[in-house]
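Asker: Numbering (our numbering), first residue to last: 1 to 431.
By construction, these hints were calculated from the structure, which means they are not laboratory data. One thing to keep in mind: the hints can contain errors.
[Unchecked claim] List of simulated lysine-lysine pairs, DSSO-like, C-alpha gap at most 27 Å:
#1 205 / 220
#2 119 / 136
#3 285 / 326
#4 245 / 205
#5 324 / 119
#6 46 / 244
#7 331 / 205
#8 163 / 119
#9 163 / 115
#10 412 / 392
#11 163 / 141
#12 245 / 220
#13 119 / 131
#14 136 / 220
#15 412 / 119
#16 136 / 285
#17 244 / 302
#18 141 / 302
#19 392 / 46
#20 77 / 115
#21 205 / 77
#22 331 / 302
#23 220 / 127
#24 220 / 392
#25 412 / 163
#26 244 / 141
#27 77 / 285
[Claimed, not checked] FRET-style restraints, in silico, Cβ to Cβ:
#28 226 / 131: 41 to 49 Å
#29 112 / 166: 22 to 30 Å
#30 161 / 241: 32 to 40 Å
#31 324 / 419: 28 to 36 Å
#32 332 / 137: 32 to 40 Å
Backbone N, C-alpha and C define an ideal beta-carbon position, used for all residues, glycine too.
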Amino acid sequence: MRNRHALALTLASAAALAAVPASLPAAAATPAKSSAAKAHCPQLSKKLTWYGDNRAKLQQMIDERGRCGSHRGHDQKRPVAAFDWDNTVVKNDITDATIAWSLHHDKILRPASWKSTSKWMTDAADKALTKACGTKVPVGKPLPTSKNTACADEIFEVREDGKTMSGAAAFEGEWDHRHTVPQYAWVPQLFAGHTVPELRSYAAKARKQVLAAPVGATQKVGTHEIPGYARYYEQQRDLIRTLKKAGFDVYIVSAGSEPVTEVWSKGVGIDRKHTIAIRSVLDRKGRITIWNQGCGDVPVNKGEAIPYIDGKRCWINQEIYGVKGKSAWDKQDESHRIALGGGDADTDVTFVGDATGAHLVLNRNKNEIMCRAYDDADGRWVVNPMFIEPLKQKPDLYPCSTSANNEPDGSKGPVLREDGSVVPDQADTVF
């Protein structure tokens, strides 16, 4: 991949932030500016619909932390906003779309052995993939997945649910469940042997296809039926545009493959330098390998440290704030944390929670992040239904006090506040 230089960014001076009580909502943190002053500050579009007073909350944060805000002096660095990608900036999953297109067009290369593609792959998955995909195709050549339904099914099932079509576990062993998940890490490994430009071209063709499909369209991958369309959320596109106008550095932080994410992020004006996702190590010929670049104290690896839950914090700390070594996994002081974090799932809960100005969450009924959002410990959580095909109200409570937290060993536990108290079960109120 390319060389990157970590950016040492600061959000605001500690003294200025200390003057703002953490328990107060963003809207109450600073006095309102005059109408004349606000007229010169970048404004979110009033033509786009947000839930409740969410637009006003986000605008207040932009006014405070952006170029019009009193929290910034002439010598301070630009504030940072960071967004997850899938189902946060766009509707539906761009990784699924890229894999689907690749399977439909015979772009997956046969590995020497399926087991070698992931350090956690089980014998059951290796056997299932070998049986379904066969051994007639030479190693390194394209598998005929457009015609071989069984092969396409096994590949997609392993990626989607971490299981074989017969229900056997596809991955086993030990990993930190807040640093990675094998089926996510497996996606760039699945494209081993391709060059980065080749993978970008597959993503671009998949992007064109799903953006052209009507809302609600589906497609088949083997016998799997998955969404066949994607859309940029206009509200998020407008939010990103406004943030940039207001002087924010805006990043995408995704648990997908970086070349795929880069193809999509440019659609909201975010360049490769500001797109962070799983970074594959390339061989001498520029081809993707099964190895990934590391984060914090984790060196080059086979998937142990991807941008996933706490891993997203690590990658933000390392790539944006220049925090090195083991400390990259830790929550930083306020001057080395993002102002705005946006996400939709438990995979985003840590970095979204680290934000000092606003925590934007699109409601997909994911337990841990919705427990944090509805508990609203600092008064800065902004919950919005998905802008396209929003979910109905969750009928039962989120199990915050018992089993909503994703533990490092893969078990479930209670969601705890910073003071150690347990977050009570929460009702779904924004839908």
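Asker: Check the structure against each numbered hint from earlier and tell me which ones fail, lowest number first.
Answerer: 3, 4, 7, 12, 17, 20, 21, 26, 27, 28 and 32
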